[in-house]
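A.B. asks: Chains as they are written, first to last, in our numbering: chain Y, 1 to 158; chain Z, 1001 to 1158.
Be aware that one or more of the hints could be misleading.
Partial selection, computed: residues in chain Z whose CB lies under 8 Å from chain Y [what the hints assert, rightly or not]:
#, residue
1, A1005
2, Q1075
3, G1076
4, A1079
5, S1111
6, L1113
7, W1128
8, V1130
9, I1131
10, L1134
11, Y1137
Hints in this document: simulated from the structure, not taken from any laboratory. The beta-carbon is built from N, C-alpha and C at its ideal position, and this holds for glycine as well.
Protein chains: 2
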Amino acid sequence: MSATADVRKQRLVRFIRRVWDEGDVEAADAWLAATYRIHHDPGDPWDGMTLDRAAFRDRVRQSRAAFPDQRFDIQGLFADGEGVAMSWLWAATHAGDLPAFPASGRTIRMSGLTVYFFDAADRLTGHWQVIDRLGVYRQLRQACAGAPPGGGSPASPD
Amino acid sequence: MSATADVRKQRLVRFIRRVWDEGDVEAADAWLAATYRIHHDPGDPWDGMTLDRAAFRDRVRQSRAAFPDQRFDIQGLFADGEGVAMSWLWAATHAGDLPAFPASGRTIRMSGLTVYFFDAADRLTGHWQVIDRLGVYRQLRQACAGAPPGGGSPASPD
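Between the sequences and the hints, there should be enough to build the whole structure, so can you do that?
C.D. replies: Laid out in structure tokens, this is it:
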């Protein structure tokens, strides 16, 4: 493994721990280039956008609001060229309200793969990501099945 | 890039073209180890299974049946250690029936990321994958909205 690949992997692991797991959004600047582009992230509200550092912090805050104890379990890191691909599992308590899914207190599990892109100074410039959103939707629907609002018997994507 | 990484990327691109795009399942043996493990692929019927070569061919045939003209558009390849991560877009005509979604003739688009694992002889031993299944489900629901069977007004995961 090249020195650059090694540095980027180590930086990425610390970034995930500190910013996404622990929610220390003020620390994010240490890892970010001036702008961060969300190249591809289907279903994400910021898909296709280029964020400055303040907008990036807002994204992390909003993304973590319903899942304040979230933890990423990194499965693999594949560094090559300008990118580091990361496979991951994720778990969190559904402790805050989401649209159509009021806080349930249940543990929600998720998985995904993210390619993080770096500049020559090893700062993050953006990502290309796919998440198992259908799996999350099914869990949230089940977690909120006894909740009063919504009603009806939703058709299943199963 | 190391010689091994280069060989694996080239082999992987040819495998995707020949087997998954063109549907030449009989040719798959040239790329496969004796067994192929689906380490992680949420929503896939073969998730968690270890397939021999005959079972692998069946998986490709069944996966392609509803989408015989499918094409993968490889976005990035990241080779590191035993794996090559591949980001991809996909498009196909919904030409065959799926459970709850009769053939619509519509173009369906999808994206995902797959980590392919290789042995020392550069043969494929398995994968770890996440696909945007929620996006596909929404497209199929829309494509089949005018279709007679099913009925009702399905609740939306939007």
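A.B. asks: Run every hint past the structure and note whether it holds.
C.D. replies: Hint by hint, here is what the structure shows:
1. A1005: 7 Å, holds
2. Q1075: Holds - the Cβ of Q1075 of chain Z comes within 8 Å of chain Y, reaching about 7 Å at its closest.
3. G1076: 6 Å, holds
4. A1079: 5 Å, holds
5. S1111: Status holds, d = 6 Å.
6. L1113: This hint holds: L1113 of chain Z lies near chain Y, its Cβ roughly 3 Å from the closest one there, short of 8 Å.
7. W1128: 5 Å, holds
8. V1130: This interface hint holds because 5 Å falls under the 8 Å limit.
9. I1131: At about 7 Å, which falls below the 8 Å cut-off, the nearest Cβ of chain Y leaves the hint on I1131 of chain Z intact, so it holds.
10. L1134: Holds. Min distance 4 Å.
11. Y1137: Y1137 of chain Z check passes; min Cβ-Cβ to chain Y is 5 Å, inside 8 Å.
In this structure, every one of the numbered hints holds.
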